[in-house]
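Visitor: Chains A and B supply the protein sequences, listed in that same order. Its first residue numbered 0, the first sequence is counted upward by one per residue in numbering that gives the first Met the number 0. Its first residue numbered 0, the second sequence is counted upward by one per residue in numbering that gives the first Met the number 0.
Keep in mind that the hints were calculated from the coordinates and are not lab data. Incorrect hints may have been included.
Claimed, not checked - Cβ-Cβ distance ranges computed for the label pairs, FRET-style: (1) 181/A - 119/B: 28 to 38 Å; (2) 245/A - 222/B: 27 to 37 Å; (3) 127/B - 11/A: 39 to 49 Å.
Claimed, not checked - Okay, derived cross-link-like pairs now, BS3-like style, lysine-lysine, Cα gap no bigger than 27 Å in a straight line: (4) 34/B - 14/B; (5) 34/B - 218/B; (6) 172/B - 14/B; (7) 172/B - 34/B; (8) 34/B - 212/B; (9) 172/B - 23/B; (10) 34/B - 180/A; (11) 23/B - 181/A; (12) 14/B - 180/A.
Built from N, CA and C at the ideal position, the CB exists for glycine as well.
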Amino acid sequence: MATVVGERSVLRDLSGARRSHFIEHNDFLTVIVKGYFAVIVAGIVVDVASNSSKFFTFSASELASLSRNGANYAGAMVALALFMGLMAGTRGGPVALFRAELRMLFLSPLNRERLIRKKAIRALEHFGFIGIAGGVAVGIAAHSLLKSNALEVPVYLGAYGLVVALAYGSGATLALGLRVKKPIGYLVGLAVMGWEAFSIFKGIKYDPFALSGSIALSPLSHGNSGWIALPIWLLICAVGIVISARGDLERIERHSELVSRLRFALSARDVRSVIVLSRALSEDGYRARQGLGGLWSALASPSSAPLLRSASNLAHWSPRRYLRLVLLSSAGVWFAAQGWVGAKAIYLLAVPAVFAAGLELADSVSSVVEKPDLFVNYPVDDGWLLTRLLVLPATISVALALGEAAVVHLLVPGIPLLVLEGIALAMGAGAVFGAAVASVRSGAPPGIVGLLTPETQAFGFFIELIPVAIASAWLIPAINSRSAALANRPPEPDALSAAFFALILPLAAWAWLRGHKVLKAD
Amino acid sequence: MAETSKGSQVLAVEKITKSYEGEKVLDEVSLSIAKGTIVALVGTNGSGKTTLVKTIAGLVTPDSGRIDILGSTAGSRQARAVTSIVFDDPALYPDLTVREHLGFSARICGREDYAERADELLGGFGISDLAARLPQGFSRGQRQKTSLSMGLVRPFRLLVLDEPYVGLDGAGKTALVGFIRQARSEGAAILVATHSPELLEIADTMIALGFGKVVYQGKPDRAKLEL
């Protein structure tokens with residue numbers, strides 16, 4: 000009874016049955032709407048990046064320098080991907096199983112090794128696609144920068160993206176199969192990064208990572224020696240897939256559990272959970288949430304409890320978290336300031352940076368969503384509990400933003416300090432409140448919605464967009480005025496703004512329809 | 000159980016130890032189950048019951064010790080072919096009907112003539128009307144009944160149930176006890192991890208775990224349920 004007769008045909012039938020139900024029950028309108036928005040977002044990103052690249056003009060000497068040293072920097076990305084892959088492998092990645100698969104397939108007499116390999120191959124196909132697509136998108140956006148053929152650059156950068164993906168996959172599968180422990184994986188990864196840093200410092204051209212990176216620079220250097228890296232990484236990846244079958248099922252199971260939660264949060268478009276779970280995935284554990292501890296309970300009078308709880312949460316944050324917050328909000332203010340002066344910047348980075356910073360700060364709201372019972376007895380009017388919980392985060396956010404604005408004022412000339420402080424103030428407060436409303440609305444059980452004032456409930460969807468709108472508001476005049484200046488014509492901010500906000504209308508309509516559908520189902 | 004003859008022994012756990020971050024979850028646990036017997040595994044939360052079940056399933060590798068299932072190491076293909084395990088948290092494919100879940104559970108384990116047995120199980124648990132439905136929107140109890148049916152429809156010589164009563168209504172509990180007794184009469188060895196006093200009544204032996212150690216092994220005794 001060691002083998003199952005017709006194992007492959009049973010698995011084929013299983014896939015077929017699942018596929019037929021998927022086709023039968025899937026709502027294709029939703030798929031089309033998702034595709035529509037994906038295309039819009041991708042289009043905006045590529046278009047903005049492409050427009051941004053027109054602002055740059057590399058001189059002949061800069062191009063020569065890029066041709067000379069760029070391979071080392073591109074190689075550093077490959078080394079970083081290998082490092083990240085190693086870390087993922089020590090945590091049970093890249094294989095992610097559905098719990099149902101684990102129970103039905105892995106507890107049966109089917110060949111577990113073959114099942115794990117199959118899953119690893121699927122994961123690597125996925126990474127490879129992302130790598131190629133990302134490389135091609137960057138190539139399309141950057142071809143004018145490199146003063147090269149519009150077809151050649153995307154092809155080479157697509158190949159480079161594949162190499163980066165293969166490096167990640169190699170690290171992950173090898174670490175999984177060899178059951179590398181986390182500290183060892185970390186040390187090996189650091190050694191790899193150190194090696195590449197040394198190569199950059201010394202300008203060594205013939206280390207394996209620089210060779211891999213040289214694919215990206217092939218349109219400039221007109222050399223094709225880097226292509227040898229592709230089959231080598233494929234070979235390493237193939238070895239990794241073969242030995243990944245020896246991976247520790249316990250690690251795979253834990254990793255799979257977190258990934259499945261992440262998938263669910265993604266499918267529910269729950270941004271807060273996505274960020275929290277992504278962090279848990281990278282830290283290989285669930286976030287320990289600080290309860291309303293004895294000291295705080297003793298200090299708290301019922302009416303001040305929300306404020307103290309908020310302070311308690313902030314006091315228990317790790318230094319790493321504070322550092323992350325400072326970096327995120329700095330990035331937001333920096334990119335917004337760069338947008339104002341129309342200089343070189345990837346403007347859109349301001350949006351996720353500000354929103355992620357807001358989510359970090361609005362953490363205390365998560366407690367309301369996840370543990371509503373804690374707050375039932377607080378004598379605080381409905382609608383004001385949330386506001387009280389957010390007083391401290393918003394204060395810190397604003398203070399941080401004001402400080403960073405002052406620094407930006409020193410570094411980026413041409414922006415009045417008053418204007419900059421105004422931006423920072425709006426961004427800080429907007430980020431916290433926008434993210435908080437998003438948190439409550441996305442994961443709240445029905446009773447929790449009562450924590451929002453009626454006005455907030457009515458305009459909740461638009462409030463969620465505050466951070467995005469604030470950051471976007473900086474992009475529009477910046478891009479428009481720069482484009483107009485380049486084309487020697489007056490700026491047309493109204494047209495651009497209208498075009499941008501028109502994109503939000505279908506999103507709002509879709510959100511309304513979705514809400515309507517849910518209400519109807521209830 | 001120590002005197003169980005090797006010939007009738009289905010499961011033999013010998014001095015299993017498992018630690019997580021320096022804390023021993025299982026500490027030299029030994030037990031054995033003969034064919035045609037039911038063993039109730041009891042203990043408080045965190046006593047190591049589920050870890051032991053996962054070790055028998057081959058999902059957790061012990062730090063030391065050995066588990067044999069009819070002469071094969073736990074987790075090997077031979078061992079998995081004769082062991083059916085149902086965990087306390089039902090996990091179902093969202094895109095397979097209940098009947099398909101049962102069908103594939105049986106076929107994957109080499110049983111093609113499952114239809115009659117599937118009908119018997121679905122009828123017994125009172126979920127025949129759900130047979131053609133996808134599990135989306137099922138209650139906890141309906142999911143648990145489906146999961147138990149999946150475990151019982153496949154061929155096995157060792158049946159391991161982790162907290163099988165969770166979510167079941169009265170009729171479901173009665174049906175489950177009937178199916179467990181049926182499996183025993185057919186010669187299967189059965190290990191039930193449970194907190195339920197009712198399941199002790201059908202057990203031949205009770206093993207109590209406390210802080211990862213076997214603290215009691217003998218006749219079922221309600222008084223020792225929360226040792």
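Visitor: If a hint holds in the structure, say so; if it does not, say that too.
Guide: Hint check:
{"no.": "1", "hint": "181/A - 119/B: 28 to 38 Å", "verdict": "48 Å, violated"}
{"no.": "2", "hint": "245/A - 222/B: 27 to 37 Å", "verdict": "46 Å, violated"}
{"no.": "3", "hint": "127/B - 11/A: 39 to 49 Å", "verdict": "28 Å, violated"}
{"no.": "4", "hint": "34/B - 14/B", "verdict": "21 Å, holds"}
{"no.": "5", "hint": "34/B - 218/B", "verdict": "17 Å, holds"}
{"no.": "6", "hint": "172/B - 14/B", "verdict": "33 Å, violated"}
{"no.": "7", "hint": "172/B - 34/B", "verdict": "23 Å, holds"}
{"no.": "8", "hint": "34/B - 212/B", "verdict": "24 Å, holds"}
{"no.": "9", "hint": "172/B - 23/B", "verdict": "33 Å, violated"}
{"no.": "10", "hint": "34/B - 180/A", "verdict": "40 Å, violated"}
{"no.": "11", "hint": "23/B - 181/A", "verdict": "21 Å, holds"}
{"no.": "12", "hint": "14/B - 180/A", "verdict": "26 Å, holds"}
Hints 1, 2, 3, 6, 9 and 10 from the earlier list are contradicted by this structure; the remaining hints agree with it.
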